[in-house]
Amino acid sequence: MRLNELKKNDDFIKREVKYGERKITLYYLKSICDEEKITDTIISPFYEIFKMDTFVDYIQSFEEWAIIDKEKVAIDKIFGGNVVISLEDKIYAVKMDKFESRSISESSEESVLQGPKDSLSEKISTSLNIIRNRYRKDTLIVKNHKLGQNSKTNLIVLYDNTLCDHENLLYLNNKLKNIEVDLLQSAGQLQKFLMDRKWCPFPLFLTTERPDRVVTNLSQGKIVFLIEGSSWALIGPARFYDFFKSMDDPVELPIVGKFFILIRYIAVIITLFFPALYVAVISYTPEILKIQFALLIAGSRISVPFPSYAEIIFMMIMAEFLSEASIRLPRTISSSATTVGGLILGQAASEAGLIGDVMIVVIATVALSIFVIPINSMHQAIRVLRYPFIILGSLFGAIGVLIGAFALLTYLCNLRSLGKPYMQLLTNKTL
Amino acid sequence: MLGQRYYIYLFYINALVSVTACIPQLLYKNRYNGSLTSLALSVIIGAIFIFLFQSRIKKFPRQNILEILDRDLPNILIKAYHSLSFLLSVFAGVLFLNSIMQIIREFAPLNSSMIFYCFLLLIVFSILIETNSILFMLEIVILFVTPLLLLILLRFFTDHLVLMDSIKESFTYIVHFPKAHSVVSGLFIFTGYTNLLVYCEHIVSINKKHLLIIWFILCCVLFSTYFIPIGYFGLKGVGLENYVWVTTIDSMHINYFFLERMVLVFILILIGITLMYLIINYHSAIRMLQMMTDDIGGKIKWFGIVIVVISALVTQYYADEINLLTFFIYYFVFRFILDLILIFLLFYVTKKAS
Chain A
703 MRLNELKKND
713 DFIKREVKYG
723 ERKITLYYLK
733 SICDEEKITD
743 TIISPFYEIF
753 KMDTFVDYIQ
763 SFEEWAIIDK
773 EKVAIDKIFG
783 GNVVISLEDK
793 IYAVKMDKFE
803 SRSISESSEE
813 SVLQGPKDSL
823 SEKISTSLNI
833 IRNRYRKDTL
843 IVKNHKLGQN
853 SKTNLIVLYD
863 NTLCDHENLL
873 YLNNKLKNIE
883 VDLLQSAGQL
893 QKFLMDRKWC
903 PFPLFLTTER
913 PDRVVTNLSQ
923 GKIVFLIEGS
933 SWALIGPARF
943 YDFFKSMDDP
953 VELPIVGKFF
963 ILIRYIAVII
973 TLFFPALYVA
983 VISYTPEILK
993 IQFALLIAGS
1003 RISVPFPSYA
1013 EIIFMMIMAE
1023 FLSEASIRLP
1033 RTISSSATTV
1043 GGLILGQAAS
1053 EAGLIGDVMI
1063 VVIATVALSI
1073 FVIPINSMHQ
1083 AIRVLRYPFI
1093 ILGSLFGAIG
1103 VLIGAFALLT
1113 YLCNLRSLGK
1123 PYMQLLTNKT
1133 L
Chain B
60 MLGQRYYIYL
70 FYINALVSVT
80 ACIPQLLYKN
90 RYNGSLTSLA
100 LSVIIGAIFI
110 FLFQSRIKKF
120 PRQNILEILD
130 RDLPNILIKA
140 YHSLSFLLSV
150 FAGVLFLNSI
160 MQIIREFAPL
170 NSSMIFYCFL
180 LLIVFSILIE
190 TNSILFMLEI
200 VILFVTPLLL
210 LILLRFFTDH
220 LVLMDSIKES
230 FTYIVHFPKA
240 HSVVSGLFIF
250 TGYTNLLVYC
260 EHIVSINKKH
270 LLIIWFILCC
280 VLFSTYFIPI
290 GYFGLKGVGL
300 ENYVWVTTID
310 SMHINYFFLE
320 RMVLVFILIL
330 IGITLMYLII
340 NYHSAIRMLQ
350 MMTDDIGGKI
360 KWFGIVIVVI
370 SALVTQYYAD
380 EINLLTFFIY
390 YFVFRFILDL
400 ILIFLLFYVT
410 KKAS
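Sequence lines, in order, name chains A and B.
Going letter by letter, the first sequence gives residues 703 to 1133 in the working numbering.
Going letter by letter, the second sequence gives residues 60 to 413 in the working numbering.
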């Protein structure tokens, strides 16, 4: 692209400034440069400094400046938020960028009761400011990278030099160099490029929008990625158990905190296995239930014309529709959608005799327990994995569920996040 | 390197799997003439074996069995030892698989041949993963299984229907000489370390205190597997049961929750333990094969897997005709002989090395 083509853009500004014999020309994009700053720091001094040499020295005192020798470099600089200044014999570029973003808002996806409430910002320097202010150690290292052919997204890699694994850093640097992508817009997208396994349903990196989680992980020797334009940070290597920690846990008193962690694991086990075991037990081995309970289930299913697995899959997919709808729809409509859905699912289906009453309780339990997982990416992975278990349970009974659980366990134990075991319980070497 | 606790897990799973290995049934055969003295003898011999082995193996930290033996022994002897242990591991795998399938056929009204193929698929899928990963898996399986087993133990101690007199009665037959078969079957619980040879290069070497804990746990498992069924069926009745532990659990009333019969839960626990043991066992068999042929990561592991799958399929075909008890006795005897040879070899190697 040449400079002439750049002129087609209506936000491209070419500004000539004259003072007697002296003349400079400024080129920039008005949309990404701070015009007020340009007037204050380039144009006003130009009228105040009388010698051209002194003005050049002044330009060179800026934080980010460069001498331009090629047209292509000039264009890249202009798109990077620089003002290109043509002096008499030389061309300079000075960074004058403006990055519009939200002010620091409350963390909406990972809410806590008592912990700090702020979240990371779309503006990378703001996020870095928040993190640096919480982790004032001299070993915290910040490295810049650029990714994306078209987006040229700024990326910051943060780590504690004394704590983190340097092999991982080398590996990540190589990986980052080899990433070929047109647009990089979010942390989740970057995660896909960093993962070795293409079809892995489990997140191998933590995504978070909470600065306190970022800092906690930095102090554990993990590597953090901040991406410009995304308020989510990516943290690796992650372990399976990291996804079940809420930032409330360190705030709570020990027993209370541990109890809530336990509740989350129970919720995961219920979500994964409860529907499958329910189908398995009532289809194959109802005799292990208490007699009253078995009769209750049989009584509630008396009018139901389908086998139990069809009943449960139907209801669970309905529940998925409901939760998808409430996420994607505008706020005003979503409340009515959930009301209608909830009424139809809960009341009408059981009154019509399509679904047993006990099944509604099962579905409600499962739907509730899935929401306990604090990190969204793990929540989604677990949600997807419920269905294979139901199929196994309906084919082979409880033993099928056990086989599924073993397969899942094998897969999880063999996963490695940046070379670190994903599923190892305690990492204590001597114990 | 992994922590010492993984040693405990390996021994522990080996002890738990004794229920699938029909060890209680084998011991009850001599319940009137010497199984108690046999048990006592196997506890003592087991302790000696465990401590002897530890004193030898700790001299070669972070080494696998091939590297340990490869110092001074002739190549053919090592190859022979490895091929014997490979064959014995495959034999053991087949026995355990058949044992668990018989229990499923008897107690779970399901399509058992499809379940068998699923087991095989799972085993093949699992034994190909890294050795470390298998140890992580073992830890989690034990974490899930142990509370349920403790619940069963607790139920036994609080159950007023237990015939304490039969347990006391069994002690009246203590004045008999130990029987070789019973000693060898009791000893299997303590010889878990022959499976752990492949794993010991990944675990830091174990100290005496941990070994004592292991020995204590193994004794608890051994004695509870022997005495709990006697408490429920009496000394006479216990010999009449084919699957003595499954029926024992079925005799327990555990109606605290919405389940009334724990038998399905127990069968699931049993399958879980046995599957985990099979994975450990077959993985070590494949690793033995790889070490023997110096072909780590090559095609030889597929040869091993083919042997594993074919042996399982063929024996499954004749499953009804196999008398598991006799075969398990053969297995325990061979295992014992191989352990003796191993201890001898280790002594020879350490003597040479020093």
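Just so you know, the hints here were simulated from the structure itself, not pulled from any lab data.
Check each hint, because a few of them may be wrong.
To be verified - Derived Cβ-Cβ restraints for the label pairs, each shown as a range: (1) Val1063/A <-> Lys227/B: 28 to 38 Å; (2) Asp898/A <-> Arg130/B: 35 to 45 Å; (3) Ser370/B <-> Leu1127/A: 44 to 54 Å; (4) Gly357/B <-> Leu1127/A: 44 to 54 Å; (5) Ile276/B <-> Cys902/A: 30 to 40 Å; (6) Leu220/B <-> Arg1030/A: 52 to 62 Å; (7) Lys138/B <-> Tyr1089/A: 25 to 35 Å.
Positions of the beta carbon are idealized from the N, C-alpha and C atoms, including for glycine.
- Task: Could you check the hint for me, namely that Leu220/B and Arg1030/A are 52 to 62 Å apart, CB to CB?
- Result: 58 Å, holds
Original post:
CB of Gly357/B to CB of Leu1127/A, is that within 44 to 54 Å?
Top reply: Since the Cβ atoms of Gly357/B and Leu1127/A sit about 32 Å apart, the hinted range of 44 to 54 Å is violated.
- Task: Just tell me: holds or violated, for the beta carbon distance of Val1063/A and Lys227/B against 28 to 38 Å?
- Result: Once the Cβ atoms are compared, 48 Å apart, the range 28 to 38 Å for Lys227/B and Val1063/A is violated.
Q. Is 25 to 35 Å a correct range for the gap between the Cβ atoms of Lys138/B and Tyr1089/A?
A. 49 Å, violated
Worksheet item: Does 35 to 45 Å hold as the CB distance between Asp898/A and Arg130/B, or does it fail?
Response: For Arg130/B against Asp898/A, whose Cβ atoms are near 38 Å apart, the range 35 to 45 Å holds.
Kindly confirm whether 44 to 54 Å is satisfied by the beta carbon distance between Ser370/B and Leu1127/A. Given range 44 to 54 Å: violated, Cβ gap about 33 Å.
Check: Honestly, do Ile276/B and Cys902/A meet the 30 to 40 Å range at C-beta?
Finding: 36 Å, holds
The structure fails hints 1, 3, 4, 7 (numbered hints given earlier, in ascending order).
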